[in-house]
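Visitor: Fit chain B to the given chain A structure using the hints.
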Amino acid sequence: MIAATGPHIDVEALSPLLALTGGGLVVLLVGLLRPRVVREVLVPLLALASLAAALGLAIWQWDADEEIIAGALRVDTLALAFTAFVIVAAAITVLLSWRAVAPREAAHGEYYAMLLVSAAGMSVLVQAQNLVSLFIGFELLSVPLYVLCASEMRRSSSLEAGLKYLIIGSVGSATLLYGLALIYGATGRTDFAAIADALNSVGGPVSDPLFLTGLALSVVGLAFKVSVAPFHQWTPDAYEGAPTPVTAFMATATKVAALGVIIRFFDVALINAQPDWAPALAALATITIVVGNVGAIGQTSVKRLLAWSSVAQAGYMLAGIVVGTQHGIEAVAFYLAAYLVMNMAAFAVVVARARETGLGDAIEALEGIGQSKPLLAWPMTIAMLGLAGIPGTAGFIGKFFLIDGAVDGDYAWLGIVIVVGSAVSLVYYLKVVAAMWMRPAPRSVPVLAGGAVDDPPADAPAGPRAAGGEVTLVAVGCAAGPVVFGVLPGPLFDIARDAAAAMSHLF
Amino acid sequence: MPLSILIWLPAAVGLVAALLPRALGPRVAALGTLGALGIAIGLIADYDPSSGLQHVTDETWIAELGIHYKLGLDGLNLFLVALTTLGFAAAAVAANFRTWERSRLFYFHLLLGETAVLGAFLAQDLALFVAFFDLMLIPFYFLAGQWGDGENRVAAVTKLVVYTFVGSLLMLAAAIATGVMSAGDGQEISFALSDLRERTLGEGTQQWLFLLFAVAFLVKMPAFPLHGWMPDGYRAMPLEVLAVFSGVLSKVGAYGFLRIVLPTFPDASAHFQELMLILAVVSILYGSAMAFTTTNARLVVGYSSVAQLGFITLGIFALNDQGAQGALLQMINHGLVVVPLFLIIGLLARRAGSEDLRDMGGIAFRAPVLATLFLIVALATLAMPGSSNFIGEFLILLGVFESKMAIAFVASIGIALAAVYGLRLFIRAMHNRVGASVESREIALRDAVVLVPLVAVILFFAVYPQLALSRGEDSVVSTIAPAVEVTR
Chain A
1 MIAATGPHID VEALSPLLAL TGGGLVVLLV GLLRPRVVRE VLVPLLALAS
51 LAAALGLAIW QWDADEEIIA GALRVDTLAL AFTAFVIVAA AITVLLSWRA
101 VAPREAAHGE YYAMLLVSAA GMSVLVQAQN LVSLFIGFEL LSVPLYVLCA
151 SEMRRSSSLE AGLKYLIIGS VGSATLLYGL ALIYGATGRT DFAAIADALN
201 SVGGPVSDPL FLTGLALSVV GLAFKVSVAP FHQWTPDAYE GAPTPVTAFM
251 ATATKVAALG VIIRFFDVAL INAQPDWAPA LAALATITIV VGNVGAIGQT
301 SVKRLLAWSS VAQAGYMLAG IVVGTQHGIE AVAFYLAAYL VMNMAAFAVV
351 VARARETGLG DAIEALEGIG QSKPLLAWPM TIAMLGLAGI PGTAGFIGKF
401 FLIDGAVDGD YAWLGIVIVV GSAVSLVYYL KVVAAMWMRP APRSVPVLAG
451 GAVDDPPADA PAGPRAAGGE VTLVAVGCAA GPVVFGVLPG PLFDIARDAA
501 AAMSHLF
Chain B
508 MPLSILIWLP AAVGLVAALL PRALGPRVAA LGTLGALGIA IGLIADYDPS
558 SGLQHVTDET WIAELGIHYK LGLDGLNLFL VALTTLGFAA AAVAANFRTW
608 ERSRLFYFHL LLGETAVLGA FLAQDLALFV AFFDLMLIPF YFLAGQWGDG
658 ENRVAAVTKL VVYTFVGSLL MLAAAIATGV MSAGDGQEIS FALSDLRERT
708 LGEGTQQWLF LLFAVAFLVK MPAFPLHGWM PDGYRAMPLE VLAVFSGVLS
758 KVGAYGFLRI VLPTFPDASA HFQELMLILA VVSILYGSAM AFTTTNARLV
808 VGYSSVAQLG FITLGIFALN DQGAQGALLQ MINHGLVVVP LFLIIGLLAR
858 RAGSEDLRDM GGIAFRAPVL ATLFLIVALA TLAMPGSSNF IGEFLILLGV
908 FESKMAIAFV ASIGIALAAV YGLRLFIRAM HNRVGASVES REIALRDAVV
958 LVPLVAVILF FAVYPQLALS RGEDSVVSTI APAVEVTR
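Chains A and B supply the protein sequences, listed in that same order. Using my numbering, the letters of the first sequence map in sequence onto residues 1 to 507. Using my numbering, the letters of the second sequence map in sequence onto residues 508 to 995.
Hint data in this document are derived by calculation from the structure and do not stem from the laboratory. Ideal Cβ placement from N, Cα and C applies to all residues, glycine included. Wrong hints could be hidden among the right ones.
So the derived label-pair ranges between C-beta atoms look like this [said to hold, decoys possible]:
(1) A:D410 x B:P960: 51 to 59 Å
(2) B:S944 x A:T300: 35 to 43 Å
(3) A:S504 x B:A988: 56 to 64 Å
(4) A:T300 x B:G735: 45 to 53 Å
(5) A:V484 x B:A530: 27 to 35 Å
(6) B:A570 x A:P279: 26 to 34 Å
(7) A:A194 x B:R706: 41 to 49 Å
(8) B:L930 x A:D410: 43 to 51 Å
(9) A:G185 x B:Q714: 47 to 55 Å
(10) B:Q714 x A:A280: 26 to 34 Å
(11) B:R706 x A:S504: 28 to 36 Å
(12) B:S701 x A:V484: 27 to 35 Å
(13) A:A480 x B:D553: 35 to 43 Å
Chain A extracted, bound-state conformation:
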């Protein structure tokens, strides 16, 4: 009698993922308990603990390089590095959510559980090694985020953001799924390595219309998630409406995961079709950089501004993937880390000021804080200058690295697009800086700034209150990162090099 044998499961390699999903379940159950202290303190603490455990396990597994679960997932330095980025982003999100309205309205257990499950989905995504696990990861990351966007249930703009994200995200998922199916149809394989082999074979499906259609549809599906123009229209609305901590998580962790899977999908599975997709991706990157930077210029809400800026930043990072070299991937990994902390610092300041002023996320909420709140003004300044790529911050070195990768991969013109985009981006980044340092503080801060009562500005239903020490801590801590790594980038380079080393088949 033959016993039915499932695939061998390597628990050690799977452990970071198990910590995240297990943590999610525990948090969900503990959240059912009645005492207030359990829900408001123990639940976030448990979430933090499981994130810390996952991070520790990821570091413990750092040298791993193996396929697990019958080749569904691959645990290597690239996956672990990107998982670590996601975990850091999630942990910061927990801190920003600590006193936020959203978990109170959505129930703490559910809120944090969904955050953890979404992080688990991202981890699956960056480890995905075949088309099926790719799609599973994609959905696992998206579905909780749809809910989290709408978690401030008494604010209509939050619900709107959730609904919009749900509809557009589903279109993206459907497009992706269609594309993956066509690629499977053309190559007959679902796992990445076999697809690469099939594409390499003489007279292979590289020029097959079926394959090319599949390729185009999957690019579109993934582009929705990274908010690459022209598939970015949902981004400003969803980012503005969602509770700010969730926005911060979407702007950073989702980008990490989606770029991670794009690296794997294009630079592993489709690497032999690089001449086909690279020009298209380069064109998308260019459009994204232009659209993102131009779109951000007129914004008066910091969250919308950061949303547009994240579109532009996605364009910069796409340039590192276009060239299809290890050097480019190193640059992307480096830039992602810098981008993550700079954005988190900015969002932390937005959270703090929204709570303190009741002005929501309008730029006015930042006016004059250079004098009154230097501990918030400096992090925001560093974040803005870093995102613009000013020397002395990791943003400069990251951009240097990306341009270096582009020039090295014979895409010098893409390097020029990046710098022109950065020059335009100064217009709006400096607008935020000018508001903080060069405008006087508004004389009296209204409890609720304008607007109808039933639609108060984002994240400000309760009027002015204390920002909370943990938010300032996040702002200062995240702003220290770009400065330290801007002067001594060594450690971050090591991580980036390790991550890119997993792509040893690339030049």
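Guide: Coordinates of chain B only, in the frame set by chain A:
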């Protein structure tokens, strides 16, 4: 090592001053700039004209990208470094006599700016140069935006920053491309200027890289037609800050041509020689014409700088030894006159209640010492024979006569025009009918403390320009050698 100390001393002092009590911070900051000036003077005394690059520091900064923290001093940057420390010391001391809101932050930005400018002058690695070049704008953004003059200063200074950043980011891309493309098979990517000089690039590649660098440097100077940020930007800055911005930062652009462009892109420099010379001549004529039509005193000086930097560009792209030497001398001269000029305009404006020449007049009446100091500076500005500026412009024109005679003839008009706007500025402010709200009073001791040493340096250079010329000669000749080679 002494160069690292020189670069980082101002920033470190600025940081300390920011943490000290309010009464103490500004004083400490001024002392810090004087300390940097002392180090620079020591470096001049210690300089050995015959031994090339000195005090070299070469550490790997970012191994993965081939970027080194490489500093070095030679005849090309020796006096520009000294000029920088002198300018910032004058600005910091002058600023100490005024009260500023949030003064400690003011000095922090000012001293951070000094660090960045010194870094740009001393960097011997292209990537490091670019980093300092980009960085130096940011403190000035804050200085102008927070402590500047005028309602529209934030818009003006944003325009300034974006304008200059378009240039410097293009340069960033060009610098990376230079490093990557010049590395041959099996060679490590390097941005060290000495390596780049030896590795040759194809002529077509050189040409587009040259253009990107040229845009960055011409914007910084500023030169016609890339000076659009200048009028608004100059109006927005506090005068003490403007003195260093115009006196020192504009030289980084001209210096970049000599240090980076001519040795690294010799073929392209020869190819674009005429274009650059024509731009320079247009800058001279346009700047001069604007300088004697505008009535805002600081814009008179601003436009005169456009003309003067036109002369400097002219000397650089004469592509011979006299021209380049004259250009280097003229960079120092121009910095030396512009810093006191802007400080004097501050004094005049306080006496007339406005910076408009039409409101001034008759200020010399009771202020002979101020008038004398101003006259010396004004005569130096218009390159009176006997001044060091005269020698600088003479060498430049001599160089251009040798290479492109027609252009030299046109450029000579610029000298006559300089006399017109220089004397106009002096006469309209100091003599003529006494302005309605002018209160003529003598220069105060504390203002004299700043101005007299600056004027003394001008007089010293008038007598002994050889100090800079002889120390600079070898370095200048060697830096332009590749480009001269091509034109032969």
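Visitor: Decide, hint by hint, whether the structure agrees.
Guide: Comparing the hints with the structure gives:
One distance hint, 51 to 59 Å for the beta-carbon pair D410 of chain A and P960 of chain B, holds here, with the actual separation near 55 Å. Here the CB-CB span from S944 of chain B to T300 of chain A is close to 42 Å, well matched to the stated 35 to 43 Å. Range check, S504 of chain A to A988 of chain B: about 45 Å between beta-carbon atoms, so the 56 to 64 Å window is missed. The given range of 45 to 53 Å is broken by T300 of chain A and G735 of chain B, whose C-beta atoms sit roughly 27 Å from each other.
Hint check: V484 of chain A to A530 of chain B, Cβ distance near 32 Å, so the stated range 27 to 35 Å holds. Here the CB-CB span from A570 of chain B to P279 of chain A is close to 32 Å, well matched to the stated 26 to 34 Å. Separation of A194 of chain A from R706 of chain B is about 44 Å and conforms to the stated range, judged on CB atoms against 41 to 49 Å. With their beta carbons about 57 Å apart, L930 of chain B and D410 of chain A fall outside the hinted range of 43 to 51 Å.
The hint said 47 to 55 Å for the Cβ distance between G185 of chain A and Q714 of chain B, and at roughly 49 Å that hint holds. Under the hint 26 to 34 Å, the C-beta atoms of Q714 of chain B and A280 of chain A, about 30 Å apart, fit the expected range. Taking the beta carbon of each, R706 of chain B and S504 of chain A are about 29 Å apart, inside 28 to 36 Å as hinted. For S701 of chain B and V484 of chain A, the Cβ-Cβ distance of about 30 Å falls inside the hinted range of 27 to 35 Å, so the restraint holds.
Checked against the hint of 35 to 43 Å, the pair A480 of chain A and D553 of chain B passes, with Cβ atoms roughly 38 Å apart.
When the structure is compared with the earlier hints, violations turn up for hints 3, 4 and 8 and for no others.
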